[in-house]
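Chemist: Fit chain W to the given chain P structure using the hints.
Line by line, the protein sequences are chains P and W.
Here the first sequence is numbered in this note's numbering, starting from 91 and rising by one per residue.
Here the second sequence is numbered in this note's numbering, starting from 29 and rising by one per residue.
These aren't lab readings, by the way, just hints derived from the structure by calculation.
Here a beta-carbon is modelled for each residue, glycine too, at the ideal position from N, C-alpha and C.
Incorrect hints may have been included.
Claimed, not checked - Some, not all, of what chain W presents toward chain P, calculated at C-beta under 10 Å:
{"no.": "1", "residue": "Asn45"}
{"no.": "2", "residue": "Tyr133"}
{"no.": "3", "residue": "Leu134"}
{"no.": "4", "residue": "Gly143"}
{"no.": "5", "residue": "His187"}
{"no.": "6", "residue": "Pro380"}
{"no.": "7", "residue": "Gly398"}
{"no.": "8", "residue": "Tyr400"}
{"no.": "9", "residue": "Asp402"}
{"no.": "10", "residue": "Val403"}
{"no.": "11", "residue": "Gln406"}
{"no.": "12", "residue": "Asn472"}
{"no.": "13", "residue": "His479"}
Unchecked claim - Think about it this way: if two alpha-carbon atoms lie no more than 27 Å apart in a straight line, the pair counts; the simulated DSS-like pairs of lysine-lysine are:
{"no.": "14", "chain 1": "P", "residue 1": "Lys111", "chain 2": "W", "residue 2": "Lys399"}
{"no.": "15", "chain 1": "P", "residue 1": "Lys261", "chain 2": "W", "residue 2": "Lys80"}
{"no.": "16", "chain 1": "W", "residue 1": "Lys399", "chain 2": "W", "residue 2": "Lys350"}
{"no.": "17", "chain 1": "P", "residue 1": "Lys261", "chain 2": "W", "residue 2": "Lys47"}
{"no.": "18", "chain 1": "P", "residue 1": "Lys167", "chain 2": "W", "residue 2": "Lys279"}
{"no.": "19", "chain 1": "W", "residue 1": "Lys463", "chain 2": "W", "residue 2": "Lys350"}
{"no.": "20", "chain 1": "W", "residue 1": "Lys108", "chain 2": "P", "residue 2": "Lys100"}
{"no.": "21", "chain 1": "W", "residue 1": "Lys279", "chain 2": "W", "residue 2": "Lys463"}
{"no.": "22", "chain 1": "W", "residue 1": "Lys284", "chain 2": "W", "residue 2": "Lys463"}
{"no.": "23", "chain 1": "P", "residue 1": "Lys121", "chain 2": "P", "residue 2": "Lys111"}
{"no.": "24", "chain 1": "W", "residue 1": "Lys93", "chain 2": "P", "residue 2": "Lys121"}
{"no.": "25", "chain 1": "W", "residue 1": "Lys328", "chain 2": "W", "residue 2": "Lys463"}
For reference, the chains in residue letters:
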Amino acid sequence: MTTSERRRAKTWSLLGDVRRKVTPYEAVTAKFHYHFRRDPAPFELDPEMPLNTWYLRHRENSPFQVDDWEGFRDPFKLTYKDYVSLQHERELYLDGLVDQHEATEAAAGLDAGWVDTLRQLFVPLRFPLHGLQMISLYVGQMAPSSFITNPASFQAADEMRRIQRIAYWTKVLGNAHGDDLATTAAARDAWVGGAEWQPLRETVEQLLIAYDWGEAFTALNLAVKPALDSLIDWQLGELASRNGDAFLSLLFAEFQHDARRSRKWSAALVDYALRRDQELSGVLTGWLDTWVPRAQAATEGLAPLFGTAPVSMPATGVVDAVRSQLAEVRATCGL
Amino acid sequence: MPRLARSEWYDLARDMNWKVSYVDESEAWPDELSTGKGIPMEDWWGWDESYKVSYREYVHNQVGKDAAVYSVNSVLARSKMFSQLDPGWKSAILAHYGAIAVGEYLASIGESRMGRFGRAAAWRNMAMFGTLDEIRHGQIQTYFPYGLLDREPRADWAHKTFHTNEWGAIAARHLFDDMFTANDAVSTAIQLTFTFETGFTNLQFLGMAADAMEVGDIDFGSLISSIQTDEARHSQQGEPTIKILIEHGHKEYAQKLIDHMFWRSWHVFALLTGLSMDYYTPLEHRSHSFKEFMDEWIVKQFLDQFRDFGLEPSWYWPEFLKETNWYHHALHLGVWFWRPTVWWNPDGGVSPAEREWLEEKYPGWNDSFGKYWDVIGQNVRNGKPELTLPETFPMVCNMCQIPLCNPAGFAAGYLDSPAPLIHDHGGRRYTFCSKPCRWVFEQNPSRFQGHMSIIDRFLAGQIQPATIPGALAYMGLSPEEMGQDATDCSWAFANGTILKKGA
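Chain P extracted, bound-state conformation (with noise of 0.2 Å):
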C-alpha cells in the first residue's frame, strides 16, 4: 500500500495553505459546521423541509452577518478539554467552601429574616437561570461557527453548575429552617406567581422566542445575562455579605468568573463582527433598545425585595449598579 504522497501537511486542508502550524484550539474547532451557507439548504435532506427553512431564516438571513466567522476567536481559546479542567478546578474550590461551611453549621446560625429574604429571592433563582441555560443552547445550535457555538455550550454548562449549587444551598437551607424551602412549589410559585419576579419572566419567556441567531446572542449576553449575573453575582452577593451570610456571598464572588468570561468572548464576538462590518452597530443598538430595557424592567421587579433584607439595600441602588454593569457592557461592546 502507497499513502498519498503529497507533501507533509502541516495543518488539515480545509484552513488553506496556512504557514504556521495552527493550534491545537483552532485544529478541533475550525470549520466543524459544514452546513452554514451550504448550497442549496443547511441540511442533506428535502431544501424545504422545517429545519433547513428554520436555519435559513434565523441564521443566513439573520441581519447579524459578517463574510466570514471562522476567524473569530474565543478570547479564552477554550476547547472541551480546557473547559472541563478549568470548571474541575473551580468545582473543586467549591467543593472545600461548601465543606468548610457545612463544618460550621453555617446555614444553621443565619437568622429568620435573612432565611426569609432568602425564600424569596434567592431560592427561585434556579427558575430564571435554567431559562438561560436553554437560551445559551439555543446561541450556540443557530451559531455559524464552532468558535462561537463552543463558547455558547459551555456557557450554557455555567448556568448549570451555578443553578446545581443553588439547588444543594437551598436543600441544606431546607434542613436547617423548614423543609418547605426545599420544594418546587417554594421555587416555582415566586416564580409563576410572585409579583416581583413576573418583570424577569416576562423577558425570560420572550427571550425564549427570539429566534434570530443574531438577536438571541445580543439579548442574552449583552442585556438579560448581564443585567441577571450583575443582579446575582454581585448584588445578591453583597447583600449576603452585610447580612452575614459569608458562604453565599464567597458562592456569588466564585461565579463572578464564569459571568466575566461570558462577556469578554461576547465583547469580543462584537468587536469581531464590528471590525468586519460597522454598519452592524445599527443592528446590535437596535436589539438592545429592545433588550436592555425589558432587562432592566426585570431588575426593577426584584430590586425592592434587597431592601426587605435584614440589612437591606435600597432598590434604587440595585437598579443603578445593574444599570451601570449593563452601560459598562455596552460600553465595552462599542455599542
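Modeler: Just chain W now, kept in the frame of chain P:
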C-alpha cells in the same frame, strides 16, 4: 465532599418546569423543533432519567477521562505505533474518523436542540451533558488524526469529509441530518439516543475497541472506549421519552420513529463497521464476525429493550435478518471495486485463510461472493488491474444514499429480484435499494422529496465534466487520496507476490 448525597438535592436541580404565559407555549416549543404530539406540557414534566449525574461530578469525572486518553495519545504520538499498524486496520480507522468525528460534533447540535426544546427540565439537563459530551467526541476524534497528518495525509478526511460531496459523505450527512442536525427534539431523543446510540454505536465503539486492543492500536482503543462511557450516559434520553409517548397512546408513532432510524442506521453501519470487522481487521485479531456482533448487540440486546416497552421488532425484521448475511459482503465488493471513490484504502481481505474464515462465519460465502473475488483475483494475477476498476457509476438509493447492490443479493439467493425498487412521487421517479428505504420515504415524503442523490446530480448535469474523473473531482478526491487496495492486493497471491503499483 459535600455532605448531602446527590439524591438528597438533585430533584431541586431538575424541577424547573413551568407553564409559560407571556408567550404561547406553541411558540416556545414549536412543533417543527419539538413534536409534542399534543401531549400536555405538564405530562412531560415527569420525564425521569435513570442515570443521574451532577455538574460537579461531571467535570471531576471527565477531567480524569480526558487526561487518561490524551496522555496515551501523547506518548504514542512519538512512537512508531501508527506506522507499524496493519494497513487494513489503518483503513478501518481512517474510514471511522472521516465518517464519525465531525458527525459526533454535529450531534452536539441535536443535543442542544433537546437542551432547548426538550419538554422537561430533567431532559434538558441530560441534553446539556450530551452537548458537552459530543463536543468532546468531535474534538478528541479530530485531535488524534490531526496528529497523524504528517504520517498519513488521508487523516485530513477526519476534518473535511462532511464538507465534501464524496458519496459516503453524502450518505453520512443525509443520515445524521435526518437523525439529529435537522431533527426535532422529541424525535432526536428516540432516533439519536435510543435507536442509534443505544443500539448501533455500541456496535461500532465496543466492537471496534475490542478489535483495536487485539490489533495493538492502544491509541484508538482507549479513545473509543472512553467515548463509549459518555454515550452510555447520554443515550438514556430516549427511554423516558418513549415511555411518555406510549403512555399517551403514541406507541405507533414511537415505533415508527425507531423503525425509520433503525433501518437507516443499519445500512450505514453495515458499510462502516461491516467492512472494517470482516475485511479490514487483520484475521488473527478478529474477535467476532460482524454478524456475530449484530446478533449479540442488536438482534438480542437491543430487541430486549424494544420489548421492555411493549414495542415489537419492525415489519421489516425478516428482511433485516436476511441482510445481515449478505448486505455488507455486497457493499464490500462494491466499495473495493469503486475504491477510487473512497478516502481510505479498502483491503480486499480475501486471501485463502481469510476466505476460509468468511466461509466458516457465513456458510456459502465462497459460492456466492467468493466467485466474484475469484475473477478479480485472476485479473490481478494476470496483471490486468484495469479490469478491476470501474468505468461507470452504480445507481444510488434515494434514501440511504448508498449504491445499490441488489444484483449481488439476488445472486446470493437472498433477494427475489435483482432490480431496484422504483417509486413515483410528485412527478419524479425515485430509486430505492430496499422496501424499508422506500417505506421511510413514504412515511414522510416532504422531508426527503427535493433531495438529489449524487447520481441524480450527475444525470441532471450538475457534475461537470460528466465523466468519472469529473465525478471524482466533484467528490473532492485528489488522485493521491483515491483509495487503492490496502495491501497492493497481496491477498490475491498465495505465494505472496506483490502486484505492481496502481491496483
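Chemist: Would you mind marking each hint as holding or not holding in the structure?
Modeler: Against the structure, the hints come out as follows:
no., hint, verdict
1, Asn45, "8 Å, holds"
2, Tyr133, "5 Å, holds"
3, Leu134, "7 Å, holds"
4, Gly143, "4 Å, holds"
5, His187, "4 Å, holds"
6, Pro380, "20 Å, violated"
7, Gly398, "23 Å, violated"
8, Tyr400, "22 Å, violated"
9, Asp402, "23 Å, violated"
10, Val403, "22 Å, violated"
11, Gln406, "21 Å, violated"
12, Asn472, "9 Å, holds"
13, His479, "5 Å, holds"
14, P:Lys111 x W:Lys399, "49 Å, violated"
15, P:Lys261 x W:Lys80, "18 Å, holds"
16, W:Lys399 x W:Lys350, "20 Å, holds"
17, P:Lys261 x W:Lys47, "24 Å, holds"
18, P:Lys167 x W:Lys279, "45 Å, violated"
19, W:Lys463 x W:Lys350, "13 Å, holds"
20, W:Lys108 x P:Lys100, "19 Å, holds"
21, W:Lys279 x W:Lys463, "22 Å, holds"
22, W:Lys284 x W:Lys463, "15 Å, holds"
23, P:Lys121 x P:Lys111, "16 Å, holds"
24, W:Lys93 x P:Lys121, "26 Å, holds"
25, W:Lys328 x W:Lys463, "23 Å, holds"
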